[in-house]
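Chemist: The lines below spell out each chain.
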Amino acid sequence: MFDWIISLGLAVTLSGLGVFAHSRTGTMRKDGRAHLVPWRGIMIGCVFGLFLILVHVANLLGVETGPENSPFGRF
Amino acid sequence: MPHVHNSTLPPRLPQALSCRGGPSRAQRSLTILLFSGLALGLFIAPIPVIRVLGYCLFGLLMGMLALRLGLAVFGSRLRRKLGWVRSAEADQKPIYSILVPLCDEAPIVEQLASALANLCWPEDRLDIQLLLEADDEVTQMAVAAAAFPPGTRVTLVPPGGPRSKPYALNQGLQHARGAYLCVFDAEDCPAPDQLLEAFQVFSQAPDEIVALQAPLIGLVEKDRWLAWQWRLEYSVEFGLIKPALAALSMRVPLGGSSNHFRTKTLRDVGGWDPWNVTEDAYLGLRLARLGYQVGMISRPTFEVAPNRFSVWLPQRVRWIKGYMMTWMVLMRQPRLLAQQLGLWRFFFLQLTFGASVLTPFLYGPASLVIAVTLWHDRLYLGATGWTLLLSGLTVALVSVLLASRFKGVAPWLAILTQPFYWPFHTIAAFMALWDLYRRPWYWAKTPHCPWASGDLSCSTGSSASASPSP
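So the sequence lines, in the order shown, correspond to chains A and B. Counting in our numbering, the first sequence runs from -9 upward without gaps. Counting in our numbering, the second sequence runs from 20 upward without gaps.
If you are wondering where the hints come from, they were derived from the structure by calculation, not from laboratory data. There may be inaccurate statements among the hints.
As the list claims (entries may be wrong) - Negatives, chain B to chain A, calculated, CB over 12 Å: (1) A91; (2) C122; (3) D154; (4) P168; (5) G170; (6) P178; (7) A224; (8) E227; (9) Q359; (10) S410; (11) G411; (12) A415; (13) L420; (14) T465.
As the list claims (entries may be wrong) - Distance windows between CB atoms, simulated: (15) B:C75 / A:G(-1): 46 to 52 Å; (16) A:R19 / B:V157: 14 to 20 Å; (17) A:H46 / B:E129: 38 to 44 Å; (18) A:G(-1) / B:K241: 37 to 43 Å.
To be verified - Far from chain A, by Cβ distances over 12 Å, these chain B residues were calculated: (19) A58; (20) D226; (21) A374.
A virtual CB, placed ideally from N, CA and C, is assigned to each residue, including glycine.
Construct all of the structure, not just a fragment, from the sequences and the given hints.
Modeler: Right, dumping it as structure tokens:
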């Protein structure tokens, strides 16, 4: 249960932050200057993190994803 | 009724620069050697060979993904700078030629006439040529009945060459009167001031910039999933990737239509290759080989996105076949190509244009592996597989998010289900390979229908990055 709360909580947080970063990407501040926060980078990080969480959620659902069992070796 | 005249055969492109000759002897020998060696290796030691292949492919694909992400981010940063302010120079207008190849396009002729009539350019300075096949009487009759701008000419394309768009375009190029020239497709609806922007950019740009590409925006009818996928692709390609390549002075494969040229240079380089089925992409790359550059403008052209698989598939088969042809011609003399482009641009070309040839073949098998293993509640991909999968999904999603701000359920459904669209490319890729072997110069004609959802919003002021409301 704890795993589910952490995973889904992270997924929601990353989604929310990603959507917020997306809305800020490419916009200007009210005073006309560029944002100091790298919103594009944050959005990219959120998307990547979200996919990692999705894999973890798949693990929690019972899907095995261990690379050590890959037919072509661990790497 | 437009004035009709017959054309004569235009001069041919040198054999070395044309697709007509097919792969060179060295390319054939190398391909046979490579596949024989691979088959032998797989027979003797399958696992090590697969591992080595996997590592090579991993490095290549990660390079492609990193580059694509870099171009998408750079392209999105450019967007604020891309824009157009009309200056006084735009008031001294030369003759502008417009070529529109038409084949079996009777249903869409009225829409085309209206789109061309909307262009902001003095009628007496506009040289519109409709390029019709000599035996296509239905389209000829439709053209005669439609209200094209005064001075529009019809050029009848004689038989004798491949029945292709570039063959028709070369006929038109012979008779073009303008200092500048633009190509539109039958289904195009260009923004009215596109010619003004192109002319202004040409006037201010250095002579090396000989071609300009306007962004193409797909219009989606009835929120069809396939049409949305097509539009998403276009928004990334024309909104991010091509502007980034142009800004970095890299080679830009011209796309589809709405290409603007300095007419004299286009004639000097021999026009289009009539034997190449993606003549636009090849022309952009050929210009780069000769030291010229392609730029981007911001005023878009709208066209209706294909919404049926039966329309999408032949078009995609032609595109992938054309990319394969183009890559083959370019790589006939790889050392010469590297000398002409420079080593850095040569590798850039391999990672960007090479990707459009290679990746369609990989989507299907990769999806199949994932589907089969998931069916057994396992997804054993190895560290490389996982890295590729997550990086690929991230780059695809980020690119689309950076390309535009889509609103509504249908576009978001399309964005989130993109991975289900990619395997269709593999079907098209293998069909293209077969086509390349059986009928390399066959031009699969994409059927076009008029925009059924009311008036085409040609005059919307949106750029490639914006979301017009279709």
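Chemist: Does each hint hold? Answer for all of them.
Modeler: Going through the hints against the structure:
1. A91: violated, 10 Å
2. C122: holds, 41 Å
3. D154: holds, 50 Å
4. P168: Its Cβ never comes within 12 Å of chain A, the nearest being 38 Å, so this holds.
5. G170: At about 42 Å from chain A, G170 of chain B clears the 12 Å cut-off, so the statement holds.
6. P178: The assertion about P178 of chain B holds, with a minimum of 51 Å to chain A.
7. A224: holds, 25 Å
8. E227: At roughly 30 Å from the nearest Cβ of chain A, E227 of chain B sits farther out than 12 Å, so the non-interface label holds.
9. Q359: holds, 34 Å
10. S410: About 8 Å separates S410 of chain B from the closest Cβ of chain A, which leaves it inside 12 Å; violated.
11. G411: Check fails; 10 Å does not lie beyond 12 Å.
12. A415: For A415 of chain B, whose nearest Cβ neighbour in chain A is about 10 Å away, the distance does not exceed 12 Å, so it is violated.
13. L420: violated, 5 Å
14. T465: It holds; T465 of chain B is separated from chain A by about 33 Å at its closest Cβ, greater than 12 Å.
15. B:C75 / A:G(-1): 46 to 52 Å: This hint is violated: roughly 40 Å between Cβ atoms.
16. A:R19 / B:V157: 14 to 20 Å: violated, 58 Å
17. A:H46 / B:E129: 38 to 44 Å: violated, 56 Å
18. A:G(-1) / B:K241: 37 to 43 Å: holds, 39 Å
19. A58: At about 19 Å from chain A, A58 of chain B clears the 12 Å cut-off, so the statement holds.
20. D226: Check passes; 33 Å lies beyond 12 Å.
21. A374: At roughly 19 Å from the nearest Cβ of chain A, A374 of chain B sits farther out than 12 Å, so the non-interface label holds.
When the structure is compared with the earlier hints, violations turn up for hints 1, 10, 11, 12, 13, 15, 16 and 17 and for no others.
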